[in-house]
Amino acid sequence: MADILIRSVVKSYGRTKVVHGIDLDILHGDFAVILGPSGCGKSTLLRMIAGLEEIDAGEIAIAGRVVNELEPRERGCAMVFQNYALYPHMSVAENIGYSLKIMGIRKAERLERVAAVARIVGLEEFLDRRPAQLSGGQRQRVAMARAMIKEPQVFLFDEPLSNLDAKLRVQMRIEIRRLHRRLGGTSVFVTHDQVEAMTLADKLVVMNAGRIEQVGTPKEVYHRPASLFVAGFIGSPPMNIMRVERATPGLARLASGATLQMPRLDTVPESSLRLGIRPEDIELVAPGTPGAMEMPVEFVEELGAGHLVHGEFEGAEFVVALPGAIEVVAGGRLHMRFPPEALHMFDAVSGLRLDGGEKASGLSSGAVREFA
Amino acid sequence: MSGKRVTFKNFWLAILLILPQLFLVFTFFYWPAGEALYWAFTLEPPFGGEQQWVGWQNFETVFADPLYWNSVKRSLLFAFSSTALAMGIGLLLASFVDRQLAGYKVYRFIYFWPYAVAAPAVGLAFRFIFAPDAGFVSAINVWFPGLWNPALDGFDAMVLIVLANAWSMVAYNFIFFLAGLQSIPRSLVEAGAMDGAGAVRRMRDLQLPLIAPTFFFLIVINITDSFVNSFGIVDITTGGGPARATDLMVFKIYSDGFKGKDYSLAAAQSLVLMLMVCALTFIQFRFVERRVHYS
Amino acid sequence: MLPVYEGFQRHNSLVGGASLWVMQGKSRGEYQAAAAFLDYVASRAEVEWMPTVTGYIPITNAAFRHMQETGFYSRPGFAGRETAITSLTFTPPNENTRGIRLGNFTSIRSELTSEMQAAYTGQKSVQQALDDAVARGNQILRRFEQTMRGRQLP
Chain A
1 MADILIRSVV
11 KSYGRTKVVH
21 GIDLDILHGD
31 FAVILGPSGC
41 GKSTLLRMIA
51 GLEEIDAGEI
61 AIAGRVVNEL
71 EPRERGCAMV
81 FQNYALYPHM
91 SVAENIGYSL
101 KIMGIRKAER
111 LERVAAVARI
121 VGLEEFLDRR
131 PAQLSGGQRQ
141 RVAMARAMIK
151 EPQVFLFDEP
161 LSNLDAKLRV
171 QMRIEIRRLH
181 RRLGGTSVFV
191 THDQVEAMTL
201 ADKLVVMNAG
211 RIEQVGTPKE
221 VYHRPASLFV
231 AGFIGSPPMN
241 IMRVERATPG
251 LARLASGATL
261 QMPRLDTVPE
271 SSLRLGIRPE
281 DIELVAPGTP
291 GAMEMPVEFV
301 EELGAGHLVH
311 GEFEGAEFVV
321 ALPGAIEVVA
331 GGRLHMRFPP
341 EALHMFDAVS
351 GLRLDGGEKA
361 SGLSSGAVRE
371 FA
Chain B
1 MSGKRVTFKN
11 FWLAILLILP
21 QLFLVFTFFY
31 WPAGEALYWA
41 FTLEPPFGGE
51 QQWVGWQNFE
61 TVFADPLYWN
71 SVKRSLLFAF
81 SSTALAMGIG
91 LLLASFVDRQ
101 LAGYKVYRFI
111 YFWPYAVAAP
121 AVGLAFRFIF
131 APDAGFVSAI
141 NVWFPGLWNP
151 ALDGFDAMVL
161 IVLANAWSMV
171 AYNFIFFLAG
181 LQSIPRSLVE
191 AGAMDGAGAV
201 RRMRDLQLPL
211 IAPTFFFLIV
221 INITDSFVNS
231 FGIVDITTGG
241 GPARATDLMV
251 FKIYSDGFKG
261 KDYSLAAAQS
271 LVLMLMVCAL
281 TFIQFRFVER
291 RVHYS
Chain C
1 MLPVYEGFQR
11 HNSLVGGASL
21 WVMQGKSRGE
31 YQAAAAFLDY
41 VASRAEVEWM
51 PTVTGYIPIT
61 NAAFRHMQET
71 GFYSRPGFAG
81 RETAITSLTF
91 TPPNENTRGI
101 RLGNFTSIRS
111 ELTSEMQAAY
121 TGQKSVQQAL
131 DDAVARGNQI
141 LRRFEQTMRG
151 RQLP
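Protein sequence lines, in the order shown, are assigned to chains A, B and C. Here the first sequence is numbered in the numbering used here, starting from 1 and rising by one per residue. Here the second sequence is numbered in the numbering used here, starting from 1 and rising by one per residue. Here the third sequence is numbered in the numbering used here, starting from 1 and rising by one per residue.
Be a bit skeptical, because a hint or two may be false.
Heads up, simulated BS3-like pairs for lysine-lysine below, C-alpha to C-alpha not over 25 Å straight-line [claimed, not checked]:
#: 1; chain 1: B; residue 1: 73; chain 2: B; residue 2: 259
#: 2; chain 1: A; residue 1: 107; chain 2: A; residue 2: 167
#: 3; chain 1: A; residue 1: 167; chain 2: A; residue 2: 101
#: 4; chain 1: A; residue 1: 167; chain 2: A; residue 2: 150
#: 5; chain 1: B; residue 1: 9; chain 2: C; residue 2: 124
#: 6; chain 1: A; residue 1: 17; chain 2: B; residue 2: 105
#: 7; chain 1: C; residue 1: 124; chain 2: B; residue 2: 73
One-sided excerpt, in silico: chain A residues whose CB lies under 8 Å from chain B [to be verified]:
#: 8; residue: 50
#: 9; residue: 52
#: 10; residue: 72
#: 11; residue: 76
#: 12; residue: 89
#: 13; residue: 91
#: 14; residue: 102
#: 15; residue: 106
Worth flagging that the hints you see were computed from the coordinates, not collected in a lab. Being a predicted model, the structure only gives us computed values, none of them experimental. C-beta atoms are modelled at their ideal positions from N, C-alpha and C, and glycine is treated no differently.
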């Protein structure tokens, strides 16, 4: 079974530490997506699994074998690169079959297997072409076919879709997922695109500044972000964050002096904290409702299925997502209610999530809406 | 190829600007070459005076001389072995630096230095290092008496000048190979590694085909250089000996012309060498032009 | 002096080294200058200076005698140098032992050197090497003859 076990892995370039001791288990059959902003160390981690970067400290084991000292070819991984990395002087067939050639497999069998893989990714007619004669999507397929032909236990994807246009990207996403199910190995996919991450992952790993912020299913990560960073990084538009002070029991005081009913507040010791609420979790109420919050509307982004209302609330930018049926105009005022169960509590200093409590379900029921 | 051509509106200004360069090229190339062409068809008295027109006689003398063909053979042997050695080592060093082995930044800097050393200086250094009685390499003769003596053994002498010439050309090849290797996207080599190819296999299957234009360019430069610029090394180390074992074409031209004072014979040989180098360059560039370029 | 085989007669050794030539066809003034220069080079002080700082022999008998009289050849560091003169003047020079003047002499000498190297390194027999040197030398002389055709050499 091709489990990938990562233990306290560290990587530095000169004096700059880019990966600060990562622990992560990716089990056989998982489709793990490592998500993070550029420079967070996610590609470096993937390349350490592949054997393209040395591991400075810690251990990586694949299928029960510590691979730290193994060459890439001894690790049983295949990789799809961001820019496809096809061999420009070889035909499509030669590109796909190169690893078999190195293994010393006879030409007849090689051609047979190349043809079989080409059929899966729909490249049968292009086998004699050079990469330069192919479209972006076709090159992507060649890269996939080249990775598949060795029937590896572990598939590594290094932002493979970022060079494709939006439509092709959606299509390839589905194909990669289908392929994973079909081949049944372990996949690790690195991306900075949260939609890609949410749609592909069984296991979503959010990284920031060389550390793992959170590991979970896409739903868990979305609904219970483990830190302010995850809350701000996952979801589009991101979660609204407010500074609050703990006042009388069950009451949170906002910067402006307004108060929020929040019984869960009493379960945590900290007095200075951050509250977060997703734009789509905010409810509108009639003006004058007790405890209603008021926000002037600066402008409205129309999305068709709904709209995003932008304004300033408690001295910070604030976004409310509303269904299309509700009419809002710039210059007007929004009267809002924050359902207590939809509020996320974070430590103001460490940025970590404070409550272990469940977040009420039924709110957008975990479906990530893509606003793009 | 499709770059915009800069044109001067003022034709005479353009002429004026290139005149100094043209003057240099004329004075140091076309004029002597023309003179040599004339001498090759005359008999030129060593201390001046009436020359006589002898037609092809100088060339007939040159081609009929078995010792001339000996020097052609030695030159070819020298050119091909020092080219192979210099390019092989240059490629090896470049691939080490390209793979960023420990200390590569220092090597990248110092590997180029030998190219800046003039040929006679290289010759002098190698003459001392490889002196059979006192040089650094004389240790060989302590373990295996008489194994190494370029003053007596023609093969040793050839090895000596090949090593010296290769050493000075390695730097040039290194720089070009390194530039070529670094122009290949890193991910391509990494893809090769993921496909299971070791370092040597990747060099053969991926990197070398992709730097083929650089490779052929360097073959042209190295062979031409070995033919033309070897004089300094030969003159200082072996003087063409022993028994003409290192009597390269360019050295024979020098010794016939300037030592033997037979300018006409030397001029005829220069023309042959010039045509040979031109032909070699032409053939190789035709070959390079036809190579497929990948982008 | 180097020994000779028994039964062989010793002759004077061949003179070699640099030489100065005055070419024909120059102006009177130039010849006067050349003469003055040769006088200077042959003056006793100059002739004695050269063997003192180098290993060359004095080039005039007068200078040689003077150096003998002043004890140059018995001074430590210079003793034994008279051997060169003894060798050069061992017998009066005959046709084969006097200095060589040949057309393209340097070419011929280098052919001789190469052929002797071939003999010493065992690539040819000594006889073969010498025969080849003669053949090469003759070819060079023929070319010289052709180059200098119609000219009277002094």
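Right, here's what the structure says about each hint:
1. Note on residue 73 of chain B and residue 259 of chain B: the hinted pairing holds, with a Cα-Cα distance of about 22 Å set against a maximum of 25 Å.
2. In summary, the hint linking residue 107 of chain A to residue 167 of chain A is not supported, as the alpha carbons are separated by about 37 Å, beyond the 25 Å threshold.
3. A C-alpha spacing of about 35 Å is found between residue 167 of chain A and residue 101 of chain A, which places the hinted pair above 25 Å, so the restraint is violated.
4. Between residue 167 of chain A and residue 150 of chain A the CA atoms are separated by roughly 29 Å; this puts the pair beyond 25 Å, and the hint is violated.
5. A distance of roughly 70 Å separates the Cα atoms of residue 9 of chain B and residue 124 of chain C; the hinted pair therefore is violated under the 25 Å criterion.
6. In summary, the hint linking residue 17 of chain A to residue 105 of chain B is supported, as the alpha carbons are separated by about 21 Å, within the 25 Å threshold.
7. For the hint pairing residue 124 of chain C with residue 73 of chain B, the CA-to-CA distance comes to about 20 Å; that is within 25 Å, so the pair holds.
8. Because the closest C-beta pair between residue 50 of chain A and chain B is about 6 Å apart, less than 8 Å, the hint holds.
9. At about 5 Å, the closest approach between the beta carbon of residue 52 of chain A and any beta carbon in chain B falls short of 8 Å, and the interface hint on this residue holds.
10. Evaluation of the residue 72 of chain A hint against chain B yields a held restraint, the C-beta minimum of about 4 Å falling below 8 Å.
11. Interface restraint check for residue 76 of chain A: the shortest CB-CB distance to chain B comes to about 10 Å, outside 8 Å, so the restraint is violated.
12. Hint on residue 89 of chain A holds. Least Cβ distance to chain B is approximately 5 Å, under the 8 Å limit.
13. Taking 8 Å as the C-beta cut-off, the interface hint given for residue 91 of chain A is violated, the closest approach to chain B being about 13 Å.
14. Here the hint on residue 102 of chain A is kept, as its CB sits about 5 Å from the closest CB of chain B, short of 8 Å.
15. Look at residue 106 of chain A: its Cβ only gets to about 16 Å from chain B, farther than 8 Å, so that hint breaks.
The structure shown violates the earlier hints numbered 2, 3, 4, 5, 11, 13, 15.
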